[in-house]
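First to last, the sequence lines map onto chains A and B.
Those letters in the first sequence? Residues 0 to 84, per numbering that gives the first Met the number 0, in order.
Those letters in the second sequence? Residues 0 to 230, per numbering that gives the first Met the number 0, in order.
Hints in this document: simulated from the structure, not taken from any laboratory.
Hints are supplied without guarantee of correctness; some may be wrong.
Stated by the list, open to error - Rough simulated footprint, nothing fancy, chain B against chain A, three-plus residues with beta-carbon under 8 angstroms:
(1) 25–33
(2) 48–61
To be verified - Here are the simulated lysine-lysine pairs, DSSO-like style, with alpha carbons at most 27 angstroms apart:
(3) B:Lys153 with A:Lys10
(4) B:Lys153 with A:Lys11
(5) A:Lys40 with A:Lys10
(6) A:Lys52 with A:Lys40
(7) A:Lys19 with B:Lys139
(8) B:Lys139 with B:Lys211
(9) B:Lys139 with A:Lys10
(10) B:Lys153 with B:Lys76
(11) B:Lys139 with A:Lys40
(12) A:Lys40 with A:Lys19
(13) B:Lys1 with B:Lys76
(14) A:Lys11 with A:Lys40
Only a predicted model underlies this, so the values are computations on that prediction, with no experimental measurement involved.
Cβ coordinates follow ideal geometry from the N, Cα and C atoms, glycine included.
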Amino acid sequence: MATVVIEVMPKKELLDPAGKAVLGAFRRQGVTGFNEVRIGKRFELHVEGEVTKDHLDQAQALAQDLLSNGVIEDVLDIRVEDSPA
Amino acid sequence: MKVGVVTFPGSLDDRDALRAIRLAGAEPVALWHGEHDLQGVDALVLPGGFSYGDYLRCGAIAAHSPIMVEVIDAAHKGMPVLGICNGFQMLVETGLLPGGLIRNDHGAFICRDQRLRVENVDTPWTRGYSEGQEITMPLKNGEGGFIADDETLKRIEGENLVTFRYLEVNPNGSLNDIAGLRNDTGRVVGLMPHPEHAIEAGFGPDTAVAMKSGTDGLAMFASLLTQVVSA
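Chain A extracted, bound-state conformation (with noise of 0.2 angstroms):
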């Protein structure tokens, strides 16, 4: 079985709450070795035996039009990976 991994990121341009409310966290723990955390999505699509250009081409597809708003995110990676059997 393999895997279709899509990242998927808030632009940088723009203001992550949930990523600042982490570095509060961060903050109260005394750790301050990090300036900015910024949260995304990581989606994996499984598939039955080998990863096609046909399954890319739908997963290239559903970042764009579902799984990202290209408004107010990025898809950074779209990559294959082999699911632990």
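With chain A fixed as given, assemble chain B onto it according to the hints.
Chain B alone, transformed into the frame defined by chain A:
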């Protein structure tokens, strides 16, 4: 006039919207997300709520519902469409309205009676107000921060597409205090505050006159029934 309200899995305010339409004097029609039938309505409301639990992005999965094919088509042909809160999120997800809505900048859910200024009355949904009128509607959301890139924001302001702006406080970090928007033709309007919760004395926001007596939202639905008198 028949006005449809689409119920999605997780819609909350569909009943309130149907009731608001009835109280405004129009005929409410309940529509279902899974069908491809607008039942001959003359206008549409996409109601508030948490469709699909806000999974993926608010309104994103609902925006791909079967009935949205007909909704988007009708909007392109000029049918008046109003998106309230989650419905506004659906309208930006479909691209019928510009920009996007993200988590409130302070990270918290907010529920308050919100002062607003009516900025544009050249739409079927806002022509019952006067330009610059100050009104109060309940606001309740976790992801109501309006954002757009510089170019889009410039176009929104340049073409006078802002219908409502937050007054006194900006409750969620929305750029330029934008609470509601219209499209180029004005037929499609979206806003985060809830007009359908401010339609009947006794159940609306507090006013200087009496507790819960605010009915500033009713004009939104009544607007539909007023004909534009051509000069």
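Going down the list of hints, with the structure as the test:
1. 25–33: Violated - the stretch 25–33 of chain A has 0 residues with a Cβ nearer than 8 angstroms to chain B, which falls short of three.
2. 48–61: Since 0 is below three, the answer is violated.
3. B:Lys153 with A:Lys10: Distance ~19 angstroms between lysine 153 of chain B and lysine 10 of chain A Cα, so the pair holds.
4. B:Lys153 with A:Lys11: This hinted pair holds, its Cα atoms lying about 20 angstroms apart.
5. A:Lys40 with A:Lys10: Within the cut-off at roughly 12 angstroms; holds.
6. A:Lys52 with A:Lys40: holds, 23 angstroms
7. A:Lys19 with B:Lys139: holds, 22 angstroms
8. B:Lys139 with B:Lys211: Given pair lysine 139 of chain B, lysine 211 of chain B holds - Cα atoms ~16 angstroms apart, limit 27 angstroms.
9. B:Lys139 with A:Lys10: With a Cα-Cα distance of about 25 angstroms, the restraint between lysine 139 of chain B and lysine 10 of chain A holds, given a limit of 27 angstroms.
10. B:Lys153 with B:Lys76: holds, 26 angstroms
11. B:Lys139 with A:Lys40: Measuring from Cα to Cα gives roughly 26 angstroms; hence the hint holds.
12. A:Lys40 with A:Lys19: holds, 16 angstroms
13. B:Lys1 with B:Lys76: Given pair lysine 1 of chain B, lysine 76 of chain B holds - Cα atoms ~17 angstroms apart, limit 27 angstroms.
14. A:Lys11 with A:Lys40: holds, 14 angstroms
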